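2 protein chains.
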Amino acid sequence: MRVVMTGGGGFLGQKLARAILEKGTLNGPDDQPAKVTELVLADMVTLTPEPSDGVLVTSAKVDVSDAKSMSELITPDTASVIHLAAVVSAQAEADFDLGMRVNLDGTRTLLEACRALDHAPRFLTTSSVAVFGGDLPDAIPDDHAPTPGNSYGAQKAIGELLVGDYSRKGFVDGRVIRLPTVVVRPGKPNAAASSFASSIVREPMQGEEAICPVEAGMPIWIMSPRAAIKNLIHAHDLPADIVAKGRTLIPPGLTVTIGEIVEALDRAGGEEAIQHLKWEPDLNIINIVGGWPGGFESVRGRELGFQSDASIDAIIQAFVEDDMVTHEE
Amino acid sequence: MRVVMTGGGGFLGQKLARAILEKGTLNGPDDQPAKVTELVLADMVTLTPEPSDGVLVTSAKVDVSDAKSMSELITPDTASVIHLAAVVSAQAEADFDLGMRVNLDGTRTLLEACRALDHAPRFLTTSSVAVFGGDLPDAIPDDHAPTPGNSYGAQKAIGELLVGDYSRKGFVDGRVIRLPTVVVRPGKPNAAASSFASSIVREPMQGEEAICPVEAGMPIWIMSPRAAIKNLIHAHDLPADIVAKGRTLIPPGLTVTIGEIVEALDRAGGEEAIQHLKWEPDLNIINIVGGWPGGFESVRGRELGFQSDASIDAIIQAFVEDDMVTHEE
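Chains D and U, in that order, give the protein sequences. So the first sequence is numbered by our numbering: it starts at -9 and just counts up by one. So the second sequence is numbered by our numbering: it starts at -9 and just counts up by one.
No lab work stands behind these hints: they were computed from the structure. The structure displayed is predicted, hence computed values, not measured ones. A hint or two may mislead.
Chain copies aren't distinguished; within one or between two, either way the pair holds.
Capping the alpha-carbon separation at 20 Å, the derived lysine to any residue pairs in SDA-like fashion look like this [stated by the list, open to error]: (1) K159 with D95; (2) K178 with R216; (3) K51 with L273; (4) K5 with T48; (5) K159 with G281; (6) K159 with V252; (7) K13 with E293; (8) K235 with N277; (9) K235 with H134; (10) K268 with P209; (11) K58 with R91; (12) K159 with R91; (13) K235 with R290; (14) K13 with K58; (15) K235 with A135; (16) K268 with V252; (17) K159 with T316.
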């Protein structure tokens, strides 16, 4: 089967591509495992994917909001579309038009390209904890209405509705996973308002300075990259008749306070790590992230077999094993 | 103040225009009553508005999804925009592209025209009970997530999110009222899937045949045109700081079964009316309307002073007084 992934150059895209190539199969239209024969990594930039035995892995340089390139990308033999391309939260807040173009128009344009096919491809995309903001219960029920407090969250909530309706119409077989804040992200800080949540572990563990812009008591709903990848594949592979009962899927994340993350950092990296952490409140960040909820009930997500991380210590350990860059090398 | 109304030729638009002209004022940017000096009725067709003492009432023939005509319509002195133009439910279901263009792109294009102003105009629009479908509680809580079962409902739910985010960004001072099914609509049946709910009263009371396509036990959440107009003006005039706490407003509607409507028809029109009613199940209608919820808690809507009708008998009486066409004339 041919699989197309947008945002294929992002950190989740890269990890998901590796996981798919290792696994070798994804569920096809009959809900049975099918061999992945072609994986197209689409992004704003040209990628140089590593070759893979028996799988054609290619790069496509595209703009997701451009109808022509999307219709060329989604060829008639495309069985699955995994849509990860997005403008992240602080960037979408700073540049409203860019966020609308990529996060809203891009999703719609890609759905339209799928609609033009003779069959309804599987369509997996991500939503976010950012669809919620403001006064909320401590643990948000599965059926709580989105209350976005920033444009990224509004665009993601609109994406959920679009995928739902395009699926109901039979244009795609859609599934949207509302991801927690993914911690610890590898690499450099990005323009997500939640970027600090990874930085406060990643940089100190790597012997670099990090700034924590929020207070220690703030709860945050997180998931490791490992669990996120497992849950993305799980969402992709869920049977069509199950997701038809509700296409927005809420996996169980882990609720921790920033202070608990720092305590785990101390356990993992000791004083050598902790000394690299500075506390400097940033109202811009607090205004965006402070409104995000600390937890979700995720009743249906658990029933459907989505997985949570065991602890913040396990999350940091996974980072050390998978992604930590040691400067001694 | 200059007020622009899209869908100004529709039945709600016409009634709302008359109500605004009778009232003479609407709340302005300072939340204080301001004299309405100009009322522009925008629609797909050219209207011939009745002249009004001291108020310039004009017609504008526009396509709401056309950016150029929207930017011409929303002149710099526009204080209020009332957006009623929409493709109704059965039509949006039959023609997906038309529904997306008018209901989604139209709302966004109009919001963009408002954003281009130096000030944030008041922006009132309608959402619908159709944002809900499927398995739902008997009385839907205020914070229940939309679960649209048709494209019209999805487009309205997206409109709620757009108005919310454009308001949060300070581009408009938005307010969205989720209207129940408006019963009894005057005039002819339309392409709304719920059109029958008016027909089963209107036609028999006027000595004409009507077909009821759903079963007597089906509950429906309704509001008279009189109450809808009062609630629209109330939503428009609510103070900015109140609506900022939640811009999707759910007025208390009346929950009745189709059978209860028919019993009230009997009380109002007797055997002469009842004999004009035929029962013929229509699966298309049942599939769309049958999924709509029968009731809402409307806790905040009541607190904010929105009004419900006293009874189905009062609703039919209002129709007789305001809109019934008697063929004896």
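Compare the structure with the hints numbered earlier in the document and write down the numbers of the violated ones, lowest to highest.
3, 6, 7, 14, 17
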